[in-house]
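Student: Below, each chain spelled out in residue letters.
Number of protein chains: 2
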Amino acid sequence: MKKMTPLKNDLLLRAARGLKTERTPVWLMRQAGRILPEYRAIRNSLSGFKELVETPQLAAEVTIQPVDILDVDAAIIFSDILVIPDAMGLPYEMVEKVGPYFPQTIKAESDLKKLRIADPGDLSYVYEAIAITLRELDGRVPLIGFAGAPFTLFCYMVEGGGSKTFSKARKMIAQNPDLAHRILDMVTVSTIAYLHGQVDAGVHLVQVFDSWAAVLHRSDYAEFSLPYTRRIAEAIHPRVPVTLFAKGANFSIGDLATLPCDTIGLDWTVPVEFARSQAMNKTLQGNLDPTALYAPGKEIVKKTREMLQAFGGHKHIANLGHGVYPDTDPEAVKIFVNTVKEFEYEHA
Amino acid sequence: MKKMTPLKNDLLLRAARGLKTERTPVWLMRQAGRILPEYRAIRNSLSGFKELVETPQLAAEVTIQPVDILDVDAAIIFSDILVIPDAMGLPYEMVEKVGPYFPQTIKAESDLKKLRIADPGDLSYVYEAIAITLRELDGRVPLIGFAGAPFTLFCYMVEGGGSKTFSKARKMIAQNPDLAHRILDMVTVSTIAYLHGQVDAGVHLVQVFDSWAAVLHRSDYAEFSLPYTRRIAEAIHPRVPVTLFAKGANFSIGDLATLPCDTIGLDWTVPVEFARSQAMNKTLQGNLDPTALYAPGKEIVKKTREMLQAFGGHKHIANLGHGVYPDTDPEAVKIFVNTVKEFEYEHA
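One line per chain: the protein sequences are Y and W, in this order. Going by this note's numbering, the first sequence opens with residue 1, and the numbers climb by one from there. Going by this note's numbering, the second sequence opens with residue 1, and the numbers climb by one from there.
Rather than coming from a laboratory, the hints here were simulated on the basis of the structure. Hints may be right or wrong, so weigh each one.
Calculated lysine-lysine pairs in the DSS-like style (CA-CA distance at most 25 Å, straight line) [to be verified]: (1) LYS107(W) / LYS298(Y); (2) LYS107(W) / LYS107(Y); (3) LYS171(Y) / LYS107(W); (4) LYS20(W) / LYS302(Y); (5) LYS171(Y) / LYS168(W); (6) LYS97(Y) / LYS168(Y); (7) LYS164(Y) / LYS164(W).
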């Protein structure tokens, strides 16, 4: 483990730990990416998305762009949750305007032979990108590492791509729960080693994205997602703060809050008071509707202020409730960021 | 208005009205369709989905199939929510395994000239299908009519097809709310006339499907969906019982329950106790996870019983929490239906 450069801005980490902060920290999910012309220039010079993910110098460069341009309070390493299935033996392709596609999927026990526990060495391109980013950031803001939650990665590995219902993945849960658990276990073991590698490389906080948790009944969430996310949190939380975001699984927030984590991410549809009642003493992250950034500037300011006031200025990290949509104007993002930075809370 | 054949089984209507029933009524969303080989035989003899929707004799036939084969307590007219945009001047195509596609969409005010208030005469094929169905059902079970909620139809008309985020439709809401309201108003006027036509033709109950309501923040739901659903409910509820299903918009159930309706539909992710606390005295419909029907028979029985017991046997219409998935075995559906019919509630 390397000696860390002291952070000039550690608002994110203090807010995650529930400490008082001078102001609310702010960053955006998917801030490193398609919204920035500077990102698209680099992306368009390459053969594809994966080349960018797998080239540490360039991944570091696009990771830092939003810190320079949008003045956010954290960087998040540019990568993809699908590097884990990829390293486990299921390569993905990123199809422009469609999303990820897996030529091979897991349909039956016999497909398990395609899978291995990911070798951390296969993911060294991510650790290198983290090391370069930290060097170039020079302590300006914390760097967030991340991984997909095992259930969400399982969805892709069974389904082979995006889906509105993930009914193939859920069919396996209904028909062959043992196989589902075996896949989830392998993903979990791979992910824990991967996140240890990210922390070794120096990330200051880790976020776990359970992007498709919303398709699960609460009892299935408790059986097929929560225990695996728990193992990850138990492994990583002793080392760095952990944020868990199970998008749309709003009736499982109370279950999620029992895990060793600091922060719970919220989508834009869950009322803050409901989330507070479920998430106990955890810090909450979110949750402006990403389409609010399509509105005129005055509206963005108004909606951001309403969101901030609802969280009340404590145990809160400002963010959107979903990754920023790709056709969002960077100027709108700046209005959002600046509104958070300048906001003065009304106290009852 | 024709004289109605007296119903031999009116469980659905009595449960909708909150009356005590000998047992809980049961039907399934999308029961008329791809799960039945008898349906696929008819469908495959035709040029496409729309031909089936627009041929009254055949639409009636597939409407009655699940009553004959699955022994459900209601029929629902075989049709599609997209007949309204179609009749308004935006024709849709149903692309096999992909879903609906609109060659033309509404992007700007200038596109409004493509739209007209639907002429009820253009939808007479639906009323004819209803008339034939009622004659052939001969009072065995009630017939449900339906329409899409204006917000959900607006989503398709702007987006041009399915989407995970409907960000184009939500972008219009953010950038040009007046245009959104004008489209929603035209859809609402068209839908009210259409549902009056269905009631004139004899349907016993009407369900309004707001399939994409879950993408809206509660305040946007309150502005861009609720008022239009309200106008529909106010127009139709004096004539027949009305069921409202805003899939996934679970933090708006309390708002929905303020409308003049009898029944609120629930998806499979919302806990019954939460829904009861929000929906006041309304009857609830749902909400078995459709993937429960992929499980072995014993599991289907167990999960169905748990679901029934959670609703407690009053003010409840048993259903899935989503349309039955197309690769579901009809035998699994029969197990579900029979489990509901035979269930004996435990009373505290």
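Student: Checking against the hints above, which ones are violated?
Tutor: 2, 3, 4, 5
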